[in-house]
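Novice: The listed protein sequences correspond, in order, to chains A and B.
The first sequence begins at 1 in my numbering and counts up by one.
The second sequence begins at 1001 in my numbering and counts up by one.
If you're looking for bench data, these hints aren't it; they were derived computationally from the structure.
Some hints could be false.
Each computed EDC-like pair below joins lysine to aspartate or glutamate, with the alpha-carbon atoms no more than 16 Å apart [to be verified]:
1) Lys185/A x Glu226/A
2) Lys1104/B x Glu1120/B
3) Lys185/A x Asp239/A
4) Lys1185/B x Asp1150/B
5) Lys1171/B x Asp1244/B
6) Lys1293/B x Glu1350/B
7) Lys382/A x Asp1303/B
8) Lys1104/B x Asp1045/B
9) Lys1185/B x Asp1244/B
10) Lys154/A x Glu100/A
11) Lys1185/B x Glu1219/B
12) Lys1185/B x Glu1226/B
13) Lys382/A x Glu1313/B
14) Lys382/A x Glu1247/B
15) Lys185/A x Glu219/A
16) Lys1382/B x Glu313/A
17) Lys154/A x Glu201/A
18) Lys1176/B x Glu226/A
19) Lys1382/B x Glu247/A
20) Lys1096/B x Asp1150/B
21) Lys176/A x Asp1108/B
22) Lys1153/B x Glu1103/B
23) Lys1154/B x Asp1222/B
24) Lys1382/B x Asp303/A
Now the stretches of chain B that chain A is said to cover, found in silico as 3 or more residues with beta-carbon under 8 Å [as the list claims (entries may be wrong)]:
25) 1199 to 1212
26) 1313 to 1327
Beta carbons are placed, not taken as given, at the ideal position from N, Cα and C, and that holds for glycine.
Number of protein chains: 2
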Amino acid sequence: MVEMNSIATEQMPAQTANLLAAYADMYKNELIHNILPFWLNNSRDHVNGGYFTSLTREGKVFDTDKFMWLQGREVWCFSYMYANLQQNEEWLEMAKLGAEFMEKYGRDADGNWYFSLTAEGKPLVQPYNIFSDCFATMAFAALDKALPNDAYKKIAVDTFQNIIKRQHNWKGQYNKAYPGTRQLKNFSLPMILCNLSLELEHIIGTEQVNSFIPTVIHEVMDVFYEPNSGLILENVALDGSFSDTYEGRLINPGHTIEAMWFVMDLAKRDNNTALIHKAAAIMLNALEFGWDKEYGGIFYFLDIKGHPVQQLEWDQKLWWVHVEALVALAKAYTLTGEKIYAQWFTKVHEYTWSHFRDLEYGEWFGYLNRRGEVSLSLKGGKWKGCFHIPRSLYQVWNTVK
Amino acid sequence: MVEMNSIATEQMPAQTANLLAAYADMYKNELIHNILPFWLNNSRDHVNGGYFTSLTREGKVFDTDKFMWLQGREVWCFSYMYANLQQNEEWLEMAKLGAEFMEKYGRDADGNWYFSLTAEGKPLVQPYNIFSDCFATMAFAALDKALPNDAYKKIAVDTFQNIIKRQHNWKGQYNKAYPGTRQLKNFSLPMILCNLSLELEHIIGTEQVNSFIPTVIHEVMDVFYEPNSGLILENVALDGSFSDTYEGRLINPGHTIEAMWFVMDLAKRDNNTALIHKAAAIMLNALEFGWDKEYGGIFYFLDIKGHPVQQLEWDQKLWWVHVEALVALAKAYTLTGEKIYAQWFTKVHEYTWSHFRDLEYGEWFGYLNRRGEVSLSLKGGKWKGCFHIPRSLYQVWNTVK
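Taking the hints into account, I'd like the entire structure generated from these sequences.
Specialist: Here's what the structure looks like:
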C-alpha cells in the first residue's frame, strides 16, 4: 500500500550489524497509521483554512487561535511526507490548506510573520518571534519540493533573507535587555539555521548553502560549546565566554541533542567523520547530563553548576526532547557504528514509547511530570503540533531501515 | 523581648469565640525567629547595598542579579515590621540598605523602575513591568512611615502618579498584542491598586484614597467577577465580557484569594458588611475551585472550562498562594464569624506548615510539585523574596490574636 520514493539511507559502517533495524517498521507504522491520521482528522479548519492545533486528548478543538510556529510546521510535515514518504494526495491537500492560509494572512507589511492569528486570520500577536519566520521558510520550501511553484519559492527565499537580515537584533522593539550591560547571544537561531539552510538547498543552490554552513557549525560547535563540561550552553557572552547568570548557566539537553543531529546531517554531507564523532559525543554528554537517574526520562532544563533554574517546569519530561533524542541516537549509531548509541536508543525508546503514547485516543501526550505521569493531556496546543513526532518517526525509520 | 506598637486588631463579632486565637503565637514566633533573621543574615549586599535574593536552600547567594520587585518588597517588609511590629533598629537599617540602592540605581530618566539590575546597580532589563513600580511605591511609602522623610514621600508619590498615568498602556513598546483584534484587560493592576492606595494613605491623604477606591472595587468585584461560576477571571474583554481564549479562561486561585483580602480590608475601612461577605464568599469559591482533591494544596492555574492551560507549572503548589489564603481565611473568619472560614484556615494551615517549612535550614520552600514534594529548593530567586511569608505571618497573627 505504501509506495516509497527512492531515499538515500544513512551509511552504516559495513562491518557492523544493524542493531536497530528491528525498530524500522514500528516507527513507520506509527507515523502512517497513528500520527498523520490524527492530524488529518482533527486539525483541519474547513471554514477558514489553516489548522486548529489546540486539541484535547480526544482530538477535539478546545481553542481556535492559530500559532504561526504550528501552522508552518504542519505545512512542512505534510509537504515533507508527500515528497519523501508517499505521494498521498490527501497529504498534499492538507499542506496546501495551511499554506494558503499562511500566505493570505500570516505576514505584516514588511514580510515578518505574526506570532498568532485568530481562526479567521486576523493578527493577534505581533511578529516578535523570529522562529515563526523560520518555520514559515521550512513550510514553503518543503511545499515547493512537493509541488514546485515560484510563489512558494519566493515566500521561502524572501523570508529566509529577512531572517538573515534580522538575525542579530531579531527581537527589535520587543527586546527588554538594557543595551550594553550584559550582551548575551542565544543558541537557538544558529541551531535552527543549521537545519534551515539544508531545507532550502533546492531553491538557493548548493553554493550558497556551502558558503553559509561553516559559520553556523563554528557557532554551534565552538562558540556555544563549553569544553570543561562537554556541554552546549544556551546563552554565552558576545565574545563566547561563560556568563555566570541564570541565562548563562542554562542547559537545555533536548535543544543540544536536536542540534547535534542537525550537525551530524551537515557533517555527513561533507564526509566529515571527525565532526560526526564530535557531534555524537556532545549529544551523549547532554543525554547523560540530562537523564533523570531517579525516574528516567530527560529533564527539560538544568543549571550547569547545579543551581536552581528559573524555569518552574525544569523537571518535566517533554515529548519533543525524547523524540529528538531518538533521532540523534539512531543517526549517531548508524554513522559511527558505536554500540553505546544503540544501547541508549533502546533505553530512550522504551521510556518514550511506554510513557508518551496514548493507547486510548491515539497520538502522543506532550507533557509529563517528573515521574512520567501525564501533566497536561492535550495533544496539541500553543507549542505542540504536528511536527516533532512525525519528523522523528520518519527520521528514525529512514535511518535504521 | 518583643515590644509591640499599639495595633488595631480585626473586629471579631462579640458573640463568637475566636477559634483561631491559638495560632497567634506560632505565627509571630515564626516571623520573628525564623523568617526575618534568614533574610537579615543572608540577603545583605555589604559591598554595593541592596539585597541578594537568589539564595539556595542553605541561604547562600547563587546569583547576584537584583530584581526590582524583590528589592522593593524587602524594603517594604523591613519598614513595615519596624513601623508595626517592633522598633528594631536592625530592621530599619536593613530597609534603608535596599532603599538607598533603589534610589540610586533603580529608575530610568523618566522615573520608570527597571525590572532588574546587576549587583553593582547597572540596568539589565528595561522597565517593561509596571509591578516593579508598584513595589517601589510600597517600599518608599512604608519606609516613610517608619522614618518620615520628604525624599521617600516624593519617590512614592511620583511613582504612584506614574503608575496611574501608565495604567492603561503600561507595556508600551513591549506590548506584543496587535492593536484592536482582541482587546483584553488584566486583573493584576486593579488588584494591586486596591492595596497600594491604602499603603499611601498617610502621604496622599484620605480624601484622595476615598475618591480612588470605588472604581478599583468596581473593577475587581464586578468587571472581573464571573457570576455563573462565582470566580474571578484573570482577563476579560474591554467591555467586561468573557473571552473564550487561553487568556480569558484563565483562573489563578491564589490571585483571587489575595485580592479578596485586600477588598476585605477596604470594606472593613468603609464598614461595608455586604462587601466583606461578598469578598469572603468569592475567596472561598476560588479556594474550593483551586483545591487539589487528590493531593491537597491549591493549584497555581486552572481553566474555567476545564481545558488544558498554557502554563506548564499549572499544578504546582506555590508558597505565596498558600500563605495568602491563610491571611484571607483569617480575615474572613474574624470579620464574619462564620466557622467555615476557620475550618478552611485549619486545613490550609496544616498543609502549608507541613509542606513549605524547611525544618533543617530555616525559612520556607517556594515551589512544590503537585504531590507537595520540593521541586525547586531555593529560598529566594527571581520571584520569591522577603515578602509574602512575613506579610502573611504578620497579618494572620495580627488578625487572630
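Novice: Out of the numbered hints, which ones does the structure contradict?
Specialist: Checked against the structure, the hints that fail are numbers 4, 5, 18, 23, 25, while the rest are satisfied.
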